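Trainee: Listed below are the residues making up each chain.
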Amino acid sequence: MAVFLLRRLGVMALTMLCLTLIVFYLVNLEPNLRKLAISQTEMHASSEHLESWLVKNGYRRPFIERYAAWLGLWPKQPNVDPATGAFTPRFNYCDEASTPVFSGALEGDLGCSTKFKVKVWVKLGPALEATGILMFWVMLTMVPVALVVGVVSGMREGSKLDRVLSIVSIATTSTPEYVSGVVLTIIFATWLGWLNGSAASATGSHISVYNFALPVMTPAIYGMGYVARMTRASMIEVMNAQYIRTARLKGLGFAAVVLKHALRNALIAPFTVIMLLFPWLLTGVVIVEVMFRYQGFGMALVDAAGNNDIDLLLACSLVSVVLVLATQLISDIGYAYLNPRIRVQ
Amino acid sequence: MESLSSAGIVWGVIRQLWPVWLSLAVVVGLSFRFRRNLGLYGQVVTTGPGVAGVLLLGFWLFTALYARWISPFDPLGQIYEMQDALPGAIEPHSGLPYFFGGDKLARDVFSRVIAGSRIVLIIAPLATALALAVGIALGLPAGYIGKRVDAVLSFIANLVLAFPIILLFYLLVSPGILETPIPYVLAGLFFVFPIGLLFILFWSGYKKQPVQLLIRLGLTTLVGGWLFATFVFDRDPFGIIRVSPSTLNIFIAVALASGPGIFRIVRGLTLDIKSREYVLAAQTRGESPWYIMLWEILPNARGPLIVDSCLRIGYTTILLGALGYFGLGMPPESPDWGTMIKESSKFIRLFVHPALPPALAMMSFVLGLNLLADALREQSLRD
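Those protein sequences? They're chains U and P, same order as listed.
Residues in the first sequence are numbered consecutively from 1, following this note's numbering.
Residues in the second sequence are numbered consecutively from 1, following this note's numbering.
Chain U extracted, bound-state conformation (with noise of 0.2 Å):
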């Protein structure tokens, strides 16, 4: 178990290093890097002006110099103005060290965001915190649904009960998050008015129906038909194992037979599935962010892609890939933990 452990988390560090290699590099090829120069001088300067201020902050250093130094591998070299020799910072938001120092990843320094003029951390902290409600309340709303309609249509395949519900999910799973947004925004906020199409007044802490429902249950749809499936999926294939024909030729009732000796193994896979779903989440949480005008990570991460902003873009791809990789692991072990059958090696 440890050595799986070991390895599982040794993939995961090997996974993160190339990641972030390859956003570091696609962030900083020359069309975006003038995006940047532009965004940050903002004024209509000449290419020699943009040019000038990317080497003045250090970005025409060497690249693998570079992202060693934001990886913490290599010393951050401080900011020099090249005429006078003293040092300046590059930007005051951010306390630079003015002797060279290992600051990086590694070190737990993310860097500065260009665009919102704050630590990473600053802006990025309260971003995951809201997202984080918000997925809790996906979660919340989403799985208790999806498991009770799949085990309901599951456990007796082919009737009509399951056909109708069968076609419900299959409905909401072809129904994407910036659809059912705009359908339910059009609902509830246009025609019936009982809800707001914006959530940008539940970024603080006043979060109530009024303004957190349809964000809320937006992702909700589109994630709900998929569990449920797989739910009928897995309930299907218990109810047909022999030890259910057992228990029913013994003379247990259905209801006994489906809650006491069905339902814990039919919700082994979908445990899984549930768990692979927070990544899923992670994407429709941008769209429903951005949509809602909510202050999340989704709305953090547009913005820092929007305008290239280096160090906050590499921070949300490592916080997604941490959140991928780390559902996963849990998923595994779960499994294994759930399933007496499987175990790991």
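Bear in mind the hints are in silico, worked out from the structure with no lab data behind them.
Heads up, some of the hints might be wrong.
Computed footprint of chain P on chain U; a stretch qualifies when at least three of its residues, placed anywhere within it, have a C-beta under 8 Å from a C-beta of chain P [claimed, not checked]:
#1 13-21
#2 172-180
#3 183-192
Subject to a maximum C-alpha distance of 25 Å in a straight line, what follows is the list of computed DMTMM-like cross-link-like pairs (lysine to aspartate or glutamate) [what the hints assert, rightly or not]:
#4 P:K274 with P:E296
#5 P:K208 with P:E296
#6 U:K160 with P:E378
#7 P:K147 with P:E296
#8 U:K35 with P:E333
#9 P:K147 with U:D332
#10 P:K147 with P:E277
#11 P:K346 with U:D303
#12 P:K207 with P:E277
#13 U:K35 with P:E179
If we take Cβ atoms under 7 Å as the criterion, some of the chain P residues that face chain U in the derived model are [unchecked claim]:
#14 A162
#15 L167
#16 L171
#17 T180
#18 I348
#19 R349
#20 V352
#21 A355
#22 M362
#23 M363
#24 L367
#25 N370
#26 D374
Fair warning: this is a prediction, and the values are worked out from it, not measured in the lab.
From the three backbone atoms N, C-alpha and C, an ideal C-beta is built for every residue, glycine too.
Chain P: place on chain U using the hints.
Mentor: Same frame as chain U, but now just chain P:
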């Protein structure tokens, strides 16, 4: 301004789309008549969800096919008086109605949705086919040979899967990236897979029939070379198709996003099939690994692969819509459904009518694919 009644709109739309209804009736009638000779497809059209799926897909297929003849207005044409016109408003110059009203820029929503179906129905299946070729070409050896090949390929696949898709899109489908060689290199790399796959397929299968082999390899070279010239270099020697760099970029990004999923499925199927008797028999006969992979394993994996491709096209459509929704790749006036949803959702509290048609179009097309996939799976499980 004159306007049609609700019933008038419904009747008008039905009349406007008559070639679609006619073609649909012919196709469904013929499929039902000859259902016994059509194998799996014939069985699918006898089930409720199957028929619904075929109808929805057929509707969009024929709409895209006849787009030029059935759309009353130019999807990009702006007619000043029709700005934010309500559904059914009659355009004063031609006397024709805007069935679904006009949008913020006074364009006909009905014609735009029809024009959008063309974009979606061309890009989504083609990008999925490309991703399928890449997934098969890499998934087969990963599953069959295993060991180091599997470790490296699976690592790459997981790397792409660990990428948040939106971030990938923002990084790969920005206008700036078109100045760099990256999209073209990626496109060149991706298009090697379908061509190479066909080469190996024919090479391993027709080794003993040189004439047959030469014909097939020659055809592959011609078609492959044409595809390469058209897509990667945007230099179609016949001048039929133009693939603009930004379209190519979308194509590549979408294929890259759905490739690893297909890879994982092919790999899993290969692992499952490679211990069957007929594979062992082929190994005993001394067949080459590529022969076994492409002529023994792949044909026997086709059932789940067809179902997955169906779902995958739907997923690709959703990704394509997301690209449009974030305004990536597509020009802002593009009538594709994602861009239309983005543009109209800005004013959704004022005008509902420009937002609903593209949203429902997107949903119904993906629903058709998912229903068909479900029916296919049910039927293939029954055999």
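Trainee: It remains to establish, for every hint, whether it holds in the given structure.
Mentor: Evaluated hints:
1. 13-21: This one holds; 4 residues, not fewer than the three required, reach chain P with a Cβ under 8 Å.
2. 172-180: holds (count 6)
3. 183-192: Three-residue rule met by the stretch 183-192 of chain U, so holds; n is 6.
4. P:K274 with P:E296: This hinted pair holds, its Cα atoms lying about 9 Å apart.
5. P:K208 with P:E296: The hint holds at about 17 Å.
6. U:K160 with P:E378: This hinted pair holds, its Cα atoms lying about 16 Å apart.
7. P:K147 with P:E296: Holds - the C-alpha atoms of P:E296 and P:K147 are around 21 Å apart, at most 25 Å.
8. U:K35 with P:E333: 23 Å, holds
9. P:K147 with U:D332: OK: P:K147 and U:D332 at ~21 Å, within 25 Å.
10. P:K147 with P:E277: Answer holds: P:K147 to P:E277 is near 22 Å, not above 25 Å.
11. P:K346 with U:D303: It holds: about 18 Å lies between the C-alpha atoms, which stays within 25 Å.
12. P:K207 with P:E277: 24 Å, holds
13. U:K35 with P:E179: Within the cut-off at roughly 13 Å; holds.
14. A162: At about 4 Å, which falls below the 7 Å cut-off, the nearest Cβ of chain U leaves the hint on P:A162 intact, so it holds.
15. L167: 6 Å, holds
16. L171: 4 Å, holds
17. T180: 5 Å, holds
18. I348: Hint on P:I348: holds, closest Cβ of chain U at ~6 Å, below 7 Å.
19. R349: 6 Å, holds
20. V352: Holds, because the Cβ-Cβ distance from P:V352 to chain U comes to roughly 5 Å (cut-off 7 Å).
21. A355: Hint on P:A355: holds, closest Cβ of chain U at ~5 Å, below 7 Å.
22. M362: Holds - the Cβ of P:M362 comes within 7 Å of chain U, reaching about 5 Å at its closest.
23. M363: Since chain U brings a Cβ to about 5 Å from P:M363, closer than 7 Å, the hint holds.
24. L367: Check passed: Cβ of P:L367 comes within 4 Å of chain U, closer than 7 Å.
25. N370: 5 Å, holds
26. D374: 6 Å, holds
Every hint from the earlier list agrees with this structure, and none is contradicted.
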